[in-house]
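Engineer: Keeping their order, the protein sequence lines are chains C and L. Letter 20 of the first sequence, counting from 1, is numbered 20 in my numbering, and no numbers are missing. Letter 317 of the second sequence, counting from 1, is numbered 1317 in my numbering, and no numbers are missing.
Certain hints may be false.
Said to hold, decoys possible - Result set (DMTMM-like, lysine to aspartate or glutamate): computed pairs, CA atoms no more than 20 angstroms apart in a straight line:
#1 L:K1074 x C:D42
#2 C:K98 x C:E167
#3 L:K1068 x C:D136
#4 L:K1068 x C:E86
#5 L:K1438 x L:D1266
#6 C:K162 x L:D1052
#7 L:K1051 x C:E167
#8 L:K1186 x L:D1055
#9 L:K1074 x C:D77
#10 C:K82 x C:E167
#11 C:K181 x L:E1346
#12 C:K35 x L:D1069
#13 C:K162 x L:D1055
#14 L:K1068 x C:D42
It is worth saying that the hints were derived from the structure and are not from the lab.
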Amino acid sequence: MNRRTILKNLALVIGGSVLLPSCLHSDGTSYVQLKHVQINEDQQKLMADVAETIIPKTNTPGAKELGLPAFTLKMIDDCFNKKEQEAFVAGLVAFQNKIKKEHGKDFGWLDVKQREAILLAIEKAAQNAKPGAHPDPVTNFFSIIKGQTTFGYTTSQYFMTKEIPYELVPGRYIVHHPVSKLKLKTA
Amino acid sequence: MSENTYDAIVIGSGISGGWAAKELTEKGLKTIMLERGRDIVHVKDYVNANKDPWDFPHRGGRTQQMIKDYPVLKRDYPLNETNLDYWASDKDSPYTEIKRFDWFRGYHVGGRSLMWGRQSYRWADVDFEANLKDGIAVDWPIRYKDIAPWYSYVEKFAGISGNRDHLAILPDGEFMPPMQMNVVEKDVAKRMMEHYKNQRAMIIGRTANITEPLQARTNCQYRNKCWLGCPFGAYFSTQSSTLPAATATGNLTVRPWSIVTRILYDKDTKKAKGVEVLDAQNMKTYEYYAKIIFLNASALNSAWILMNSATDIWPDGLGSSSGELGHNVMDHHLGVGAGGTVEGYEDKYYFGRRANGIYIPRYRNLNGEKRDYIRGFGYQGAAGRENWSRDIAEMNIGGAFKDALTEPGAWTMGIGGFGETLPYHENKITLDKTRKDKWGLNILAFDVEVKDNERKMRKDMAEDAKEMLEAAGVKNVHTFDSEPVLGRGIHEMGTARMGRDPKTSVLNEWNQVWDAKNVFVTDGACMTSTACQNPSLTYMALTARAANHAVEELKKGNV
C-alpha cells in the first residue's frame, strides 16, 4: 500500500468511526446524515470545498483526505445549540447566494486562486471590523468552518503523529527542550 | 445480625474514607466501607485512560445532550467528554439552590480522589490560630504540633513530590523529589522573588504525583491525564494507594451501591450502634452494626447523613445540639488572577506534560500587615507555549497557513488565586423536605454566598497577580475576575466543625461527634476554617490521627 492509500484509509476510519451513516464521494468527502440540523448534500460539498481551501492538500494530506468536513459537521450537529446551528445554516445559504451572484457559478467550480481570494476577503473584512461587532452571516459561517477545520486538523491522528511529536506516554519532563529538537516537519 | 456486624463502618470511599479504611483495617479492625455509587476497579475501569486525543469524537468537548443532562456540571470545566462517567448525575441527585452553589460530585468507589487536583500543602500555625486571633467563629481545637506528625505519616504513604522551600507559611513535608519548573517559570520566579526581596515566593507545586516508584506504583509518566484515572497509579487515589493497603489486611469489605440514609443512635449507650443503608440498585433497606463509625461521605453529604439521623432527642439530626450542623459552609473562592505573554524564549520548549504547576504561597496579612480584609490567598499557575492552532496574520488560509500551524506559539504565563473563605453561620445547608432524589430521599437546599471579606480580597487577588507578573517581565498582562460562586473550588468544608466546646461545635479535637463519641467525621465537614491551601492533605492527616485515637479509645473501652 502506498502512503496515499494508507492516508485515504485512515480518513475513512476517522470519518467512519465518528459518523454513521454516511456515503463516500469519489473526492473523499462523505454525505452525512445529521440528527439536529438540515444541511443537504450540495451544502456539505460546499463546506468541504471551503475546508479544503483552508487546509489544502499539498505534499501532505488536505481537509478532505483527513475527513475534516465530516468532523466539522459532527461538531455542528452535536455540540452547537439550536441558535448557533440556525445562524450557521443562514450563513451557509448567504455564502452560496453571494458566490452565485458575484461569480455566476458555485464555489466548487471556481479555481483555487479565486476560492482563496474570496475567503481571504472575508477574513480581511472580519479583521477590520470593530472589535465586539456582531459578525455578518457569511463571516460567521466562514469563522466556524475555519475554526472547526483547524481544530479537527490539529487534533487529528495524522497531525499528532506525523506533524508534531505527540506521545501518549512521554515518560519524562524535560524543562529545557530546544525548539530545534521538536522534529517538526516544517520548522 | 452477626453477618452485618463489623468492628468499624466507613461511610464513603474518597480521599478521607480510603484513609479511614486503611488505618482501621491495618490496626486489625474488621471494617466495611460503604459507597453510594458503583465500583471502579483500579486500571481496569479507567476506560478512557489510554485513548489518544483524536479517539474522542468531539475531541473532549461537550455536546448539547451532555449540557441538557448535566445542568450543574455544565457550569464549569468538569463537563467534558473524557471522564463524564466519573461525575455524579445532576438529574438523579438534584439539590435546591436558594442561592447558586456549584456542587460537583463523584459518586463511585474512590469518589473525587480519582479526579482531584492533587495539590498538597501543609497548614501552618497561623492558619490554626486565625479564628482565635481574629475573634471570629470558634478556635480550632488543635495546633500545628498536633497534626505535624500525621502530615509526615500520610505524606510518606501517599507520596507527595515537592521542594523543601523553608517557608514559615508553608511548612516543608516528607517529599519525593520535586517536579521541575520550565525555563520560563524559572526565570519568572527568579525575577519575581528578586523584585519582592524574597518576601514573596514562587515555588514548584507540591503534588500527590509520585516522582519515584512507591509500593506497587510507578512514578509519574508526565501524561497529564490524571483525571481519567492513571494506569501507572502515579497519583494518590483511593484505588492506587489506600484501598490496596486496606484490602491486603484481609479485614476490609467494600459494599458499592450503598446509600447510608442514617446513623442509628442508641439512647441507652449514648452511642451510635450502626447505620441504615438503602441499596441503590434493589431499593432494599439493610442495617449494619459496628463499634465505631467513620463518616467520610464528603462535607455536604456527611452533614446530610447527620441531619437525616434525627431522633426525638435531636430532631435536627445527630450532632445538631450546638445548632452548627449544616452551617458554616465554606469553599475556596477562585476564578480571579492574571496572565500575559513572555518574550525571548522563542527557541525554547519543553518535553512532556507535567501534571503540576507553580505555587505562590500566601503573603498577605502576615508579619503585621493589615489589609482591609482578613486572611489571604495563594496562587497556582504555569508557563507554557500556546498550542499549534493559533492564527497567523497574512497566512490565514492555504498551504502557508497549514505549515504555520506546526510552529509553536507564544509563551504565556498565568496565575489564578485561591482565597480563604470565612465561616459564616448563616451560610448553610438544610434538608429540603419538599423535594426528593431518584431514590426518594430528601435533598439538600443551599443558602450560601461570599461576602464582603472575600470580595475585598479579590481586588488584591487580581491586582497583585498583575503587579507580580509585570514585575517579572511578563508582557501584555490582563487580569480576570469572574463572579465568585462557592462550590466552584470543589473544596466544600465546615458543615460539622471541630471545636473546643460542644455548645458551639459539632466535633471535638479528635473529630468525634460531641453527641455520639463513637462517630468520627474526618472529611471537609470537620474544618473550622479553610486557610487558602488545598485541603485534601489535611483531611488525610486528620483522618489518620482520628483513626489512631479511635482504636486507642476502643482498646480502653471508652467508645
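Engineer: Each hint needs a verdict: does it hold in this structure or not?
Structural biologist: Consistency of the hints with the structure:
no., hint, verdict
1, L:K1074 x C:D42, "violated (35 angstroms)"
2, C:K98 x C:E167, "violated (44 angstroms)"
3, L:K1068 x C:D136, "violated (29 angstroms)"
4, L:K1068 x C:E86, "holds (19 angstroms)"
5, L:K1438 x L:D1266, "violated (29 angstroms)"
6, C:K162 x L:D1052, "holds (14 angstroms)"
7, L:K1051 x C:E167, "holds (11 angstroms)"
8, L:K1186 x L:D1055, "violated (35 angstroms)"
9, L:K1074 x C:D77, "holds (19 angstroms)"
10, C:K82 x C:E167, "violated (37 angstroms)"
11, C:K181 x L:E1346, "holds (13 angstroms)"
12, C:K35 x L:D1069, "holds (18 angstroms)"
13, C:K162 x L:D1055, "holds (16 angstroms)"
14, L:K1068 x C:D42, "violated (31 angstroms)"
In terms of the numbered hints stated before, the structure departs from hints 1, 2, 3, 5, 8, 10, 14, listed from lowest to highest.
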